[in-house]
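K.L.:
Given next are the chains, with one letter for each unit.
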Amino acid sequence: MKTQEIADFLSAELVGDGNIEISSVADLHKAAAGQIAFLEKGKEIGDSDAACIIVPIGFDPGAHDAALIFSANPKLAFALIAPKLFSKESPRFWHDTSHIPTNSEIRANFVGAFVVVGEGSLVGEGSELNDGVKIGKNVRVGTSTVIHSNCVLYDGVSIGNNCVIHAGTVIGAAGFGYVKDGNGEYHIFPQIGIVVIEDNVEIGANSCIDRGALGETRIGEGTKIDNLVQIAQNVRIGKRVVIAAQTGISGSTVIEDDCVIGGQVGMGDHALVKSGAIIGSQAGVLPGKTVRPGVWWGTPVQPLDEYKRQNAHVKGIERLKNQVKELTKRTEE
Amino acid sequence: MKTQEIADFLSAELVGDGNIEISSVADLHKAAAGQIAFLEKGKEIGDSDAACIIVPIGFDPGAHDAALIFSANPKLAFALIAPKLFSKESPRFWHDTSHIPTNSEIRANFVGAFVVVGEGSLVGEGSELNDGVKIGKNVRVGTSTVIHSNCVLYDGVSIGNNCVIHAGTVIGAAGFGYVKDGNGEYHIFPQIGIVVIEDNVEIGANSCIDRGALGETRIGEGTKIDNLVQIAQNVRIGKRVVIAAQTGISGSTVIEDDCVIGGQVGMGDHALVKSGAIIGSQAGVLPGKTVRPGVWWGTPVQPLDEYKRQNAHVKGIERLKNQVKELTKRTEE
Amino acid sequence: MKTQEIADFLSAELVGDGNIEISSVADLHKAAAGQIAFLEKGKEIGDSDAACIIVPIGFDPGAHDAALIFSANPKLAFALIAPKLFSKESPRFWHDTSHIPTNSEIRANFVGAFVVVGEGSLVGEGSELNDGVKIGKNVRVGTSTVIHSNCVLYDGVSIGNNCVIHAGTVIGAAGFGYVKDGNGEYHIFPQIGIVVIEDNVEIGANSCIDRGALGETRIGEGTKIDNLVQIAQNVRIGKRVVIAAQTGISGSTVIEDDCVIGGQVGMGDHALVKSGAIIGSQAGVLPGKTVRPGVWWGTPVQPLDEYKRQNAHVKGIERLKNQVKELTKRTEE
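Protein chains in written order, with the numbering used here: chain G, 229 to 561; chain B, 229 to 561; chain W, 229 to 561.
Among the clues, some could well be false.
Note: identical chains are not told apart, hence a pair may lie in one copy or across any two.
Unchecked claim - Simulated crosslink set (DSS-like; lysine-lysine; CA at most 27 Å straight-line):
hint	residue 1	residue 2
1	K557	K467
2	K312	K502
3	K517	K467
4	K517	K312
5	K271	K408
6	K312	K467
7	K303	K230
8	K543	K502
Derived from the structure by calculation, the hints contain no laboratory data.
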């Protein structure tokens, strides 16, 4: 892709040579010939051998050799152009050790070694099932979705288009719902529902998304989930939600659109996180609680401002203690 | 199964048609013809097309079309009947890509694709080894136990009857025990013990149960463990213990019978959790501590009542500060 | 190995029969003939049938039948001798179901069933790729390194010599870095860097080490990482660092040499943990923070002494409240 084509793709202004062939992206200070980099707003450009640099609007082109592309958000522009540069579609290849029953419909571009697909399953065009992926019966995987190695999709799971599921993630295992009998023994509540993952969802490695008990577990369009995350039965996550690593969401909790959830957050069951809420890492949401829009922190979660004020109060206890001591002395005098 | 047979199985009273054929369980409000649902105690019945509903004793049968089964615990009754309705035993099938050495004894009903079994291992009747399961040498798996896809059982692991292990779980890896030498280098302490998992244990997906160092790691009968849980070397967990997702138990800790451990709980090593203790989510148990029966909360764990009282005190600091300010003013006057 | 050879290997004094053949290690109280055990400093010896016991220097040999080896650190001596006793090198064996392309260079001793290796990869002598391991393209694995079953190494990952990676661990998946556009949609920032794992590193089961975004993620020599740990993109971990289970390290954070990190610790991005810091379990390090040498605790982390003092203050609020009440009463009188 030539520098001018990149500028056109980004609808951005180019200053410099529009004819340089760009083959890959790189860090600003490690880039070499043929590479494009970006300068983050507010940072110094320093030395760079990049052939092309995406710079903030208003950047002084000065004496830079590189072709410059001006963007209101250079980091975003860089993220948008990167996949264009390496989108070398995987060659259509089905490994002959894969097990694909005749009554499934696999249109995937790539099926790796030791892949297993169950009966009645459908995988769309342009998708990839990497080595060792295990797909149950009646599973739906959309188009251009990449399932990385050793993922397990249980029966009946449905995954949309343009999704990425990283290695070792398990989707559709039984939820952790038990009923205790009179002898203290636990009996599993039926875990026979489904999982629906909408389009453009990305899920990290070794995460777990449990199936609904009787209903469904649903991950909304454009949501991004990190590694080692636990999503329990009947959870409903909206669109464009971000969930960082090692967070756990208990059964039937609802997270509405456009929330940001930090890492190692724990949410009890039947909680409701309203659209636009931001929950800091390691926070804890009690069962049944409603978390309104805003920034939340701590266990149990409280608004960040309150958390900070309270924290300051706690740090002031020693001073308060000394004041009381002094007062007592004076009163006694 | 006919409605009267279900009532008989549950030793419960039936009001209505005992002759309806029930084929599956469903949510009360989504159930259709041929399905059985339940009404939770204290909830309204609303509209339902279920053919049969398990209702609390004392429920007014009124004008409901469905056959009604009366139970002291409808949710439990529903959980108990569900497996009877879908217990279609898997057909006896061994995939020809499985690797089973001649000196192992595999009586399992189902062996999936790309399963590997080590020498000297034994798997009992009615069990399932799903696709991609890797079983080491001298492993014992009991009868009617289901090992889901891509689980790994290291050498010498022993699993009882009627267990369920969900996908991606690793049992018997080396514990995390190191000894530091004079140069600050760490040397692994021998991790050559075993893991014993008793009958009726269920373990979620992507969990880890480490082998004993020199002794054993043991999970007691009827215990239920969720996804992404970490159980370290030499841990001993009693019977009918429930452990929610992402909890971690350090080496040599003992959890006695009938405890309930929330999610994301952390326990230090050599702790002792006495029978009947309930530990809230995200709590932390310090190494070597004894947790008595009762409800515990926070890090380090304290009795829930104490935790609440202290929390209220902390919230009252601001008021206390203002009181001291006022007092100081008056004293100065 | 004879008792005298063991004493010689440990450069330690032997009292008793130097000619006893020792075949394995065992717990002091479970050891039998032919086994070596150790007595921890400060503990009582009790009954033991061990043929040989490593005891602290100064231990009174008294009337013990066992051969005694005197060591300044019996536990370390025991850890050092153990691998000598079971280092029966795995027989050179390549399973015929493994997929190894002709342009890769695999000198491993053992390649299990259903292993997949990508093009251009190199695995050194004495290494083991256990059943179901999936290795991408252009991966480097050193000598005498053991990769346990069902691990996944993405393209370009580099692992040193004498490493152990336990089952189900995923190395080199894309980091969790996104850029939000004006419509609130997230676009992945390019995650095309590498992972470098140096020599003598051990990683537990079901952990995740993400690749660098544009740069590298690096784990230093001799570092030990437990199960279910999350290491994000561009993290740099020094030498001889210990990280316990379920800890998560966010992007670009640096942990210098000789740190000890407890379990379930969370670290924000771009933090810096200075050499020699010890961070207690469940602690939280805020993004961008520097953690100096010393012992740290809580969220956000504070020096352990401060944490304890503050905790004591919080516990004293009730008393303070009562003092203020009393003072107010007296002032009003």
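K.L.:
Run every hint past the structure and note whether it holds.
P.N.:
Results of checking the hints against the structure:
1. K557 x K467: Classified as neither; 61 Å inside a copy, 55 Å across copies.
2. K312 x K502: neither (35 Å within a copy, 40 Å between copies)
3. K517 x K467: within (21 Å within a copy, 32 Å between copies)
4. K517 x K312: neither (43 Å within a copy, 36 Å between copies)
5. K271 x K408: Result: close only across copies, 19 Å inter versus 59 Å intra.
6. K312 x K467: within (25 Å within a copy, 38 Å between copies)
7. K303 x K230: Intra 19 Å, inter 64 Å, cutoff 27 Å: intra-copy only.
8. K543 x K502: between (32 Å within a copy, 25 Å between copies)
Taken one by one, the earlier hints fail for this structure at numbers 1, 2 and 4, listed in ascending order.
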